[in-house]
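**Student:** Sequence:
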Amino acid sequence: MTYLLVYAATNLGVFAVVIVVARKTRSGLISSYGGLFSYAPGVAVLMTIFMASLAGIPPLGGWFAKFAAFEALISSETGWGYSLAIIGGVNSVVAFGYYGNILREMWMKPVPDGDTAPVVVQPSLSVALGITGLATLVLGVFPSLVIHFGDIAGLAGALGN
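Numbering-wise (UniProt numbering), the sequence shown opens with residue 1 and increments by one.
What the hints contain is simulated information worked out from the structure, not anything from laboratory work. Any given hint could turn out to be false.
As the list claims (entries may be wrong) - Simulated DEER-style distance windows between Cβ atoms:
no., residue 1, residue 2, range
1, Trp80, Thr116, 47 to 57 angstroms
2, Asp113, Val90, 21 to 31 angstroms
3, Pro118, Val141, 46 to 56 angstroms
4, Leu4, Pro59, 28 to 38 angstroms
Claimed, not checked - The calculated lysine to aspartate or glutamate pairs, modelled on EDC-like cross-linking and capped at a C-alpha distance of 20 angstroms, are:
no., residue 1, residue 2
5, Lys24, Glu77
6, Lys24, Asp115
7, Lys24, Asp113
We put the beta carbon where it would ideally sit given N, CA and C, even for glycine.
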């Protein structure tokens, strides 16, 4: 349950950034993120937080979620658990490369069309970015807020509520 909540918040944040960038550049290509920091520094910082969380960098929510998933797999002490943990570890390393490409575009590449006019983020997207960014940070620093969430849901089901 923890993994689901953390990754839902993080991925919703990523999609909000994708919407902001696509509205500005009229493109969904990774190259359209070039120079994002020069015209939308707040959006670039939030996207960096989301990408780092997805990569499992501490102290963000994605790190805790991956840690909990790997801990569950290894503590199962089965061949399948160990195998899935290894596959997950390899997948995490490969995914880090993909996330790194996006970060490199945002921070190190120039704006593709040279348009560095500041981006106007709609209020609804600002709220979405704020909530998901805060959730990604808070759930990494204070994972106990959601670690027992699954237990509460199970208890409510057992009580017939």
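**Student:** Which numbered hints does this structure break?
**Tutor:** 2, 3, 4 and 5
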